[in-house]
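Hey, can you work out the whole structure from these sequences and the hints?
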Amino acid sequence: MSDVVIAGVGQIPVGEHWDVSLRSQAVRAVLAAIKDAGGLKPQAMYIGNLLAPTVSHQSNLGALLPDWSNLTGIEGITVEAAGASGGGAFRLGYLAVASGFVDTAVVVGVEKITDVVGPELERAIAESTDYDYELAQGLTLTAQAGLVMQLYLHQYKPPREAFAAFPMLAHENAVGNPFAMYRKPISQKAYDSAPMVSEPVNLMDMAPYADGAAAVVLTRRDLVPDSVSHPLVKVSGSSVASDTLALHDRSDPLAFDAARLSVEGACRQAGILPQDVDFFELTDAFSIYAVLSLEAAGFAPRGEGWKLGLDGTLRRDGKLPILTMGGFKARGNPLGAAGVYQIVEAALQLRGEAGSNQIPNARRALVQNLGGPASTAVAHVLERVNG
Amino acid sequence: MENPRHWRIRKQRYALVGEVCPHCEVKIFPPRDVCPNCGGEAKTQFAFSGKGTVFSFTVMNDAPAGYEKNLPYAVALVKLEEGPIVTAQLTDLGDQPVEIGMPVEMVTRRIRDDGDEKGIIVYGYKFRPAFASQH
Ligand SMILES: [Zn+2]
Numbered sequence: 001m002s003d004v005v006i007a008g009v010g011q012i013p014v015g016e017h018w019d020v021s022l023r024s025q026a027v028r029a030v031l032a033a034i035k036d037a038g039g040l041k042p043q044a045m046y047i048g049n050l051l052a053p054t055v056s057h058q059s060n061l062g063a064l065l066p067d068w069s070n071l072t073g074i075e076g077i078t079v080e081a082a083g084a085s086g087g088g089a090f091r092l093g094y095l096a097v098a099s100g101f102v103d104t105a106v107v108v109g110v111e112k113i114t115d116v117v118g119p120e121l122e123r124a125i126a127e128s129t130d131y132d133y134e135l136a137q138g139l140t141l142t143a144q145a146g147l148v149m150q151l152y153l154h155q156y157k158p159p160r161e162a163f164a165a166f167p168m169l170a171h172e173n174a175v176g177n178p179f180a181m182y183r184k185p186i187s188q189k190a191y192d193s194a195p196m197v198s199e200p201v202n203l204m205d206m207a208p209y210a211d212g213a214a215a216v217v218l219t220r221r222d223l224v225p226d227s228v229s230h231p232l233v234k235v236s237g238s239s240v241a242s243d244t245l246a247l248h249d250r251s252d253p254l255a256f257d258a259a260r261l262s263v264e265g266a267c268r269q270a271g272i273l274p275q276d277v278d279f280f281e282l283t284d285a286f287s288i289y290a291v292l293s294l295e296a297a298g299f300a301p302r303g304e305g306w307k308l309g310l311d312g313t314l315r316r317d318g319k320l321p322i323l324t325m326g327g328f329k330a331r332g333n334p335l336g337a338a339g340v341y342q343i344v345e346a347a348l349q350l351r352g353e354a355g356s357n358q359i360p361n362a363r364r365a366l367v368q369n370l371g372g373p374a375s376t377a378v379a380h381v382l383e384r385v386n387g
Numbered sequence: 001m002e003n004p005r006h007w008r009i010r011k012q013r014y015a016l017v018g019e020v021c022p023h024c025e026v027k028i029f030p031p032r033d034v035c036p037n038c039g040g041e042a043k044t045q046f047a048f049s050g051k052g053t054v055f056s057f058t059v060m061n062d063a064p065a066g067y068e069k070n071l072p073y074a075v076a077l078v079k080l081e082e083g084p085i086v087t088a089q090l091t092d093l094g095d096q097p098v099e100i101g102m103p104v105e106m107v108t109r110r111i112r113d114d115g116d117e118k119g120i121i122v123y124g125y126k127f128r129p130a131f132a133s134q135h
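Note that the protein sequences, when read in sequence, are chains A and B.
Residue numbers 1 to 387, in UniProt numbering, belong to the letters of the first sequence in order.
Residue numbers 1 to 135, in UniProt numbering, belong to the letters of the second sequence in order.
There may be inaccurate statements among the hints.
What the hints assert, rightly or not - EDC-like mimics (lysine to aspartate or glutamate), calculated; alpha carbons at most 16 Å apart, straight line: (1) K41(A) to D132(A); (2) K79(B) to E99(B); (3) K184(A) to E172(A); (4) K157(A) to D33(B); (5) K69(B) to E120(A); (6) K11(B) to E172(A); (7) K41(A) to D278(A); (8) K43(B) to D33(B); (9) K319(A) to D278(A); (10) K79(B) to D252(A); (11) K79(B) to D95(B); (12) K234(A) to D103(A).
Said to hold, decoys possible - Pulled from the structure, derived: some chain A residues nowhere near chain B, Cβ distances all over 12 Å: (13) D3; (14) L95; (15) T142; (16) P185; (17) T244; (18) G265.
Hint data in this document are derived by calculation from the structure and do not stem from the laboratory.
All values reported here derive from a predicted model rather than from experimental measurement.
C-beta atoms are modelled at their ideal positions from N, C-alpha and C, and glycine is treated no differently.
As structure tokens, then:
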């Protein structure tokens, strides 16, 4: 069977788009991706989104977005997997094209955060926890991260300030990404004095929720139009795993089993080991989750993932670059769209189009999108197509 | 209105009623259709003692709608004496700092209040510090 390739990518800047609607955000990303794919017409649209039904009071995006993209008639389905919705939609697009049932699919992740503000938004987002037994106690995603980080600090006793490495790296890398929300470096001092949000998680440990939309066009390699001159990126591994929804139902909340399983599955399919990748786009929705993702993927022993932040390993010129375009922390976290942003960013790196952020000779990427505290984990291996 | 939903889980909220698995005897909270330990059908009710220890905790400064009045509040993973872990707010802390391993016991309190407009007030379990002598 012909390779499944990313023929085109599109994104809008992440930010607070008070003047742009949910549907306009999505349509702009979709049209940009189709244009980048040489005008290839999709037969299906897979949409990653979390909040539209609660925040924008809009469901059935599977009809709305093809309609407003002037693609009425095609297959359209929304995927919801909390913060992993975008990765999940990409997985569905991959399966559709790989199966041969769909020639070309467009995958779009879209999130409209700013249709509500404050506690109502917190509650809408927290509905992705266990509503009866977590949100009912006033828990939020940030509080979940607080529980995890507190346990980590207690169990492994890392220096508290070591976690600063992750937001600092994200901000440093976002400077060169024109689509990122915060393009300014931050200092250790700023981290150390950041206000506490959900102890021990401070404001710099959490990625800001923001509006955004990103899209990719997936097709078979033999269907890519001749007019497409940029390098192609193939999907060589794809895997999704789930864990308990509620954090309290895990005997070991620091294990991030789904994160481990998804990496193992994607790498097995690609015929590689995790250490064979040139960079790793992980989910730093909270700095502790970046640490646990590194450990779950096997890049560090349990309890030692934080050390990778200190020795330069994770920088763009290091052995295992992460968050190469700013990550969730500095690009911004458009929840259901974030997983597609990760794919777009990795594809740009692999195409050699990451500008001042370019990782030299980037040939292979591991991309992982988490929903909640790795309640859902989606992993993909992407590779530059030679020639 | 969500009244049927709150009514449905009232036994869990007011009395920590879970299950004991008839096959492997593991204690389950909240009740499930399938035992997470052995995969057998779970249906035998079991009332937990309400005693446990703090497994982890956080102090929240931002709250979801309906919970703002309590801010700032502490939420913990409480490991119940019988095994399961529950998520619950801590209460009656006074000046006492929260610590992992701290003994706690269940009390029933108001856990959510949407104010006058919607008029939904939800009561349920919270946990307060337990005297060491009780353990
Ligand atoms: Zn059992």
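Status of the hints after comparison with the structure:
1. As the CA atoms of K41(A) and D132(A) are separated by approximately 43 Å, the hinted pair breaks the 16 Å bound.
2. Proposed proximity of K79(B) and E99(B) is supported: the alpha carbons are some 13 Å apart, at most 16 Å.
3. A C-alpha spacing of about 7 Å is found between K184(A) and E172(A), which places the hinted pair at or below 16 Å, so the restraint holds.
4. In summary, the hint linking K157(A) to D33(B) is not supported, as the alpha carbons are separated by about 38 Å, beyond the 16 Å threshold.
5. For the given pair, K69(B) sits about 14 Å from E120(A) by alpha-carbon distance, which is consistent with the 16 Å threshold.
6. At most 16 Å may separate the alpha-carbon atoms for a hinted pair to count; K11(B) and E172(A) exceed this at roughly 51 Å.
7. For a cut-off of 16 Å, the pair hint linking K41(A) to D278(A) is broken: about 32 Å separates their Cα positions.
8. For the proposed pair K43(B) and D33(B), the alpha carbon gap of about 7 Å is at most 16 Å, so the pair holds.
9. This hinted pair checks out: K319(A) and D278(A) have alpha carbons roughly 8 Å apart, not beyond 16 Å.
10. A C-alpha spacing of about 12 Å is found between K79(B) and D252(A), which places the hinted pair at or below 16 Å, so the restraint holds.
11. Distance hint between K79(B) and D95(B) is unfulfilled; the C-alpha atoms sit about 22 Å from each other, more than 16 Å.
12. At most 16 Å may separate the alpha-carbon atoms for a hinted pair to count; K234(A) and D103(A) meet this at roughly 15 Å.
13. The non-interface label for D3(A) is consistent with chain B: the shortest C-beta to C-beta separation is roughly 40 Å, beyond 12 Å.
14. No Cβ of chain B approaches the Cβ of L95(A) within 12 Å, the least distance being about 28 Å, so the stated non-interface status holds.
15. Not every CB of chain B lies more than 12 Å from the CB of T142(A), the least distance being 7 Å, so the non-interface label is violated.
16. The non-interface label for P185(A) is consistent with chain B: the shortest C-beta to C-beta separation is roughly 26 Å, beyond 12 Å.
17. The non-interface label for T244(A) is inconsistent with chain B: the shortest C-beta to C-beta separation is roughly 8 Å, within 12 Å.
18. Remark: the non-interface label on G265(A) is consistent with the geometry, its nearest Cβ contact in chain B lying 23 Å away (cut-off 12 Å).
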